[in-house]
Amino acid sequence: GAVVSQHPSWVICKSGTSVKIECRSLDFQATTMFWYRQFPKQSLMLMATSNEGSKATYEQGVEKDKFLINHASLTLSTLTVTSAHPEDSSFYICSARGGYDTEAFFGQGTRLTVV
Amino acid sequence: ILNVEQSPQSLHVQEGDSTNFTCSFPSSNFYALHWYRWETAKSPEALFVMTLNGDEKKKGRISATLNTKEGYSYLYIKGSQPEDSATYLCAFKGGSTLGRLYFGRGTQLTVWP
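These protein sequence lines are chains A and B, in that order. Under the working numbering, the residue at position 56 of the first sequence is numbered 42, and the numbers go up by one with no gaps. Under the working numbering, the residue at position 22 of the second sequence is numbered 110, and the numbers go up by one with no gaps.
So here's chain A without its partners, still in its complex pose (with noise of 0.2 Å):
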């Protein structure tokens, strides 16, 4: 299947800086990407949708102002947490895919831990 790199592994920031987290597709154009977050013992719930060239649409009760989606290439989207807080604490993951009907793949994911 297609490679999709995800940077950082893990991180751990203070309260009230900014973390930015990359998601790249390494061996196809990603024309759309998606950006998860899972608390634990809880299942992957999708925080935002970003389409190449495009504002990324927001699941209901996310932040778009807290949680900054950059999708400037086919290869590359960054999200940055801003100004985090202990409750932003999370596992983050992203998936990316080709086309409306093709596979989506997933990154390795970020654990954020904000101290």
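These are computed hints drawn from the structure, not numbers from a lab. Honestly, I wouldn't trust all of these hints.
As the list claims (entries may be wrong) - In the DSS-like style, the derived pairs of lysine-lysine whose C-alpha atoms are separated by at most 25 Å in a straight line are:
no., chain 1, residue 1, chain 2, residue 2
1, A, K50, A, K6
2, B, K130, A, K27
3, A, K6, B, K157
4, A, K52, A, K6
5, B, K146, B, K157
6, A, K0, A, K41
Following the hints, position chain B against chain A.
Below, chain B alone, put in the same frame as chain A:
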């Protein structure tokens, strides 16, 4: 919010045992059901995409069935091996959900040698 349930939450079996687990999902507006295998510190790996009622798919010792009318899918592993240890996720895609996936919480399988 669509409800996708997986059971059991975790499962411990001995090497060589066969096992199965369940994914239940809404029986209306069905488009596809995805199964993923997720090992620790790795990316979730797609196992199956199932679209037709009555579908049965197989990949080595792993197989899956689909019943869209009653809203469930079973994943079977025959002769479990320690390398099968992983979390198995299912995800529902509806006809009007614009391609988004609704995930269950997963079944964590541990196979003891």
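Compare the structure with the hints numbered earlier in the document and write down the numbers of the violated ones, lowest to highest. Hints 3 and 6 not satisfied by this model.
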